[in-house]
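K.L.:
From first to last, the protein sequence lines stand for chains A and B.
Residue numbers for the first sequence, in the numbering used here: 1 to 219.
Residue numbers for the second sequence, in the numbering used here: 1001 to 1802.
Keep in mind the hints are simulated off the structure, nothing from the lab.
This structure is a prediction, so every number in the text was calculated from the model and none was measured.
Ideal Cβ positions, reconstructed from N, Cα and C, are used throughout, including at glycine.
Treat each hint with caution, since some may be false.
Cβ-Cβ distance ranges computed for the label pairs, FRET-style [to be verified]:
#1 A:Ala200 <-> B:Arg1348: 40 to 50 Å
#2 B:Phe1776 <-> A:Lys23: 41 to 51 Å
#3 A:Glu122 <-> B:Leu1387: 54 to 64 Å
#4 B:Arg1785 <-> A:Thr14: 18 to 28 Å
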Amino acid sequence: MILTLSGVRKSYTTAEGLIEILKGVDLQVASGESVALTGESGSGKSTLLHLAGCLDRADSGSIVMNGRDIRQLNENECAHYRRTQVGLVFQQFNLIPSLTVAANISFHAKLADRFDPAWEMELIGKLGLRDYISRYPEQLSGGQQQRVAIGRTLAARPPLILADEPTGNLDEQTGDRVLDLMVSLSRTARSALLLVTHSARLAGGLDRIVVLRGGKIVE
Amino acid sequence: MNLVAFAALLSHWRRKPLQLLTLVMGITLATALWSGVQAINAEARASYARASSVLEQGSLRQIVAKEDDGIATAVYGRLRRAGLNISPVIEGNYRFGPVRIRMVGIEPLTMPRGSSGVTIANGAELSGFFSTTGLLLVSAATAERLRGNTEMAVKVHGNVPDGAAFVDISVADKLLEKHGKIDRLVIAPEQRVTVQALEQIAPGLTIREPADQPDVSRLTDSFHLNLTAFGFLSFVVGLFIVYSTTGLTFEQRRGTLRTLRSLGVSLRTLAVMIVVELSILALVSGVLGVILGYIIAWLLMPGVAATLRNLYGANVSGSLSIRPEWWLAGLAIALGGTGVSSAQSLWRVWTLPILAAAQPRAWARASARSLVYQAGAGGSLLILAALLAIAGSGLVAGFAVLACLLLGAALILPGLIAVTLITAQQFARSALMEWFWADTRIQLPGLSLALMALLLALSANIGVGTMVSSFRLTFIGWLDQRLAAELYVTAKDDDQSERLRTWLQRHATAVLPIWSVDGEVSGEQVQIFGVADDPTYREHWPLIASDKDVWGTVANGQGALVNEQMWRRGQAKIGQPLVMPGGWTATVVGVYSDYGNPIGQVIVGIDTLVDHYPNVPKLRYGVRVPPEQAQDLKLQLVAELGLPETAIVDQASLKRQSRAIFDQTFKVTGALNVLTLAVAGFAMFSSLLTLSGIRLPQLAPVWAIGVRRRDLALYEIARTLALWLVTFLAAIPVGLTLAWVLLSIVNVEAFGWRLPMMVFPIDWLWLGAIALLAAFLSVLVPVRRLATINPADLLRIFANER
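Sequences and hints are given; from them, build the entire structure.
P.N.:
So, in structure tokens, the structure goes:
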């Protein structure tokens, strides 16, 4: 297993008081496997993804990635973990507005010291971005921006890709096309994929579906 | 206007108190510096008006001699007998020990009522005024200076300007040794007299209309224009803050504005609400600004008074009074300034489509095209500045060159920085450095106004600093040459002077009389000095231009030297015969530097001076002795001749005093420099702070990819310092050009002398260090906020749900 979550708990303090979002989550993802994480709004899907990406800290339990419990990592080690072990794709694209498409795609790979120009060109071709590499994010459509975000993640060949509703801002047709690309390219890159989605149809295209309900994995 | 909707609009400030503070501070600072400078100018002009009205009876016509040789008492009697209602005035400079006073002798019984502003209160005062010992009517400050220096009775009178004294005409006649010669006759307002009628009674006299009189306010116009320019510069820098804050506020309220409109608030109502909101803020900030301006003016006023006294000989009260028109002008400028700097935001509200996106767009995004247009406008202004410098003339042209230069350079700056950043990005070796330069470029539109303000402040500092330091160095060198005598001694009266001269012949290497009379040459009131034929002058006196055997020609009575001011004003040139008071002539054979003197000066041989003006006061001397004997001689002068110590000044003390006066003179300029830099620093701080609020979406992805918050904070510091560095480097050539314009155009027009320009790189480093510290402080709060930001806040950028 590349990623193993055991008894992970997480709560937040809000105006209404302490709310426990995750109540002991157990989940395993194998290398190269694609897993759809579904559940109702507020069930904790994004929180779980943030914990796995070392963007946030679990209250208890363990999150083991490649044999290392990331709950024990300090901020520097977390930053290094995100740089080298994880690729993140978000609904809001979160591209760097000051860099061109080409610079955005190569950015993470260069940070992770895994920049491979040939792989980058292959990705650009497969993502259909060849004509846009000199453009800036604001000059692209939503679908094109999301393809750039996927390209940025895949160019770095991370062992684990965490995608939080990557097609949530796209129309159905574009969303399908983008997701197909992501799944097939992550397989090519031999990256594991944990994808949060509300769509049963999209979830059906992945290797496995897990449902989060009441703060626990129920199936 | 819907109050609920207005409350909703105002609620923005409750959520953004720092933004509100920035806006209020921007308007306050802009108003404060502008109205402070205006207060100083108004006070000084009121002083000139008072002095003119009191000393010159400026509003009245006067009778004067055509040849400037005074009016005989007999002629005055003839005019009175002819029925003319006129009053005689005798005036001149008189020295009470070390205190030099402008003495005005009046005849209170014939003086037109209210014309002098000085009234004799009662019979007892009148008898004191008429007494043979005399009564001096002076200001409180002058009375203080006179304490212990005169045996005459002194009475403080509120209307008398500083440095002047009113006495009975007979006392003035005696003290000024006028021997019955009257300087002018003031004509009563109701008296009608024509030049033709006067010609028949007294052919040697003429009528001087009020407008013909020399006016100190005209002399000091340049200084006040200079202050106004500085005040305006600070005002513009302050408005930059207001502009950037209102722009950001508009962007952040786009959603609210759209919602209000979709809920039925009309565009007109919305616009009115915003105008009312801005007006309230402008008025509140305006009141604060005027109060702050008053404090600034109050603090600077003594320095301004000293400057005006030292550079122009103008007496200005060092105090400040509150005037209603000043308050109104301050509030008007606050309202006007806020209106101008908010106009673009208001226009965007007016043209905002009802279905405009609620998401704030990139704030004040400047496209490459707009940068090119802006740089083009800046380039045009620089060309205009060059053309004006070559072809223009006069003080206004000088200031126009300065304005075009500064504005042009400021407009070009963002384009210049963009090109620098693009070049740096092309040479970047790592992905992070590439991102760093690209990200810095994207911040440029939000920071460009603050950077332009910083450029203006730094350039003004470098320019004015270079001018003052060049002036200082030249002035000190000139002092070393000019103050060659080891001791300067002033006798109390002619008897003491005679004894002093005889005694010094035996004890000093050389005795150099410093005697002078005032008179009119080439249509201007000048001082005429006599110099002895002594090697001291040949070896030390600094000459700018000269004929052959200058000193020999001066000594034999044929030649005269003029100061630089007269020469540059075209009133004298080498080889030109000067008609001196009394009708004799002397040929100009040399020109000498005479820094710090507001009026023209002519030097002739001492024998020639005494021959033509036998009544010249013969009280002051320069004494040459070996330097090591100077202190002993001073003690001997006190012990053997009974001279008070205050009557003897040694060379070192005089130089020290001169340097102190010089430094005091430029204190105001220095203070305004610091204030402008402080406002620019605040503009930088407010821009960075407001930008930091919209930075998270740009920084969060980089953090998510694995760059630590601490590293992001360090990059933010490096970014600010990089922008500061480019701005500072750009400010050096702009500042040096500014200094050149000040030294070669403005100073020549304003003061009448030209100085060599020198550069002081160490001063730039100091300024750079101070600006660096300001830039560092300005980024500290935003960076601290970023370095300690809760990861949860960064996560919100990504979170769709929790």
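K.L.:
Let me make sure I understand: some of the numbered hints might not hold for this structure. Which ones are they, in numerical order?
P.N.:
none
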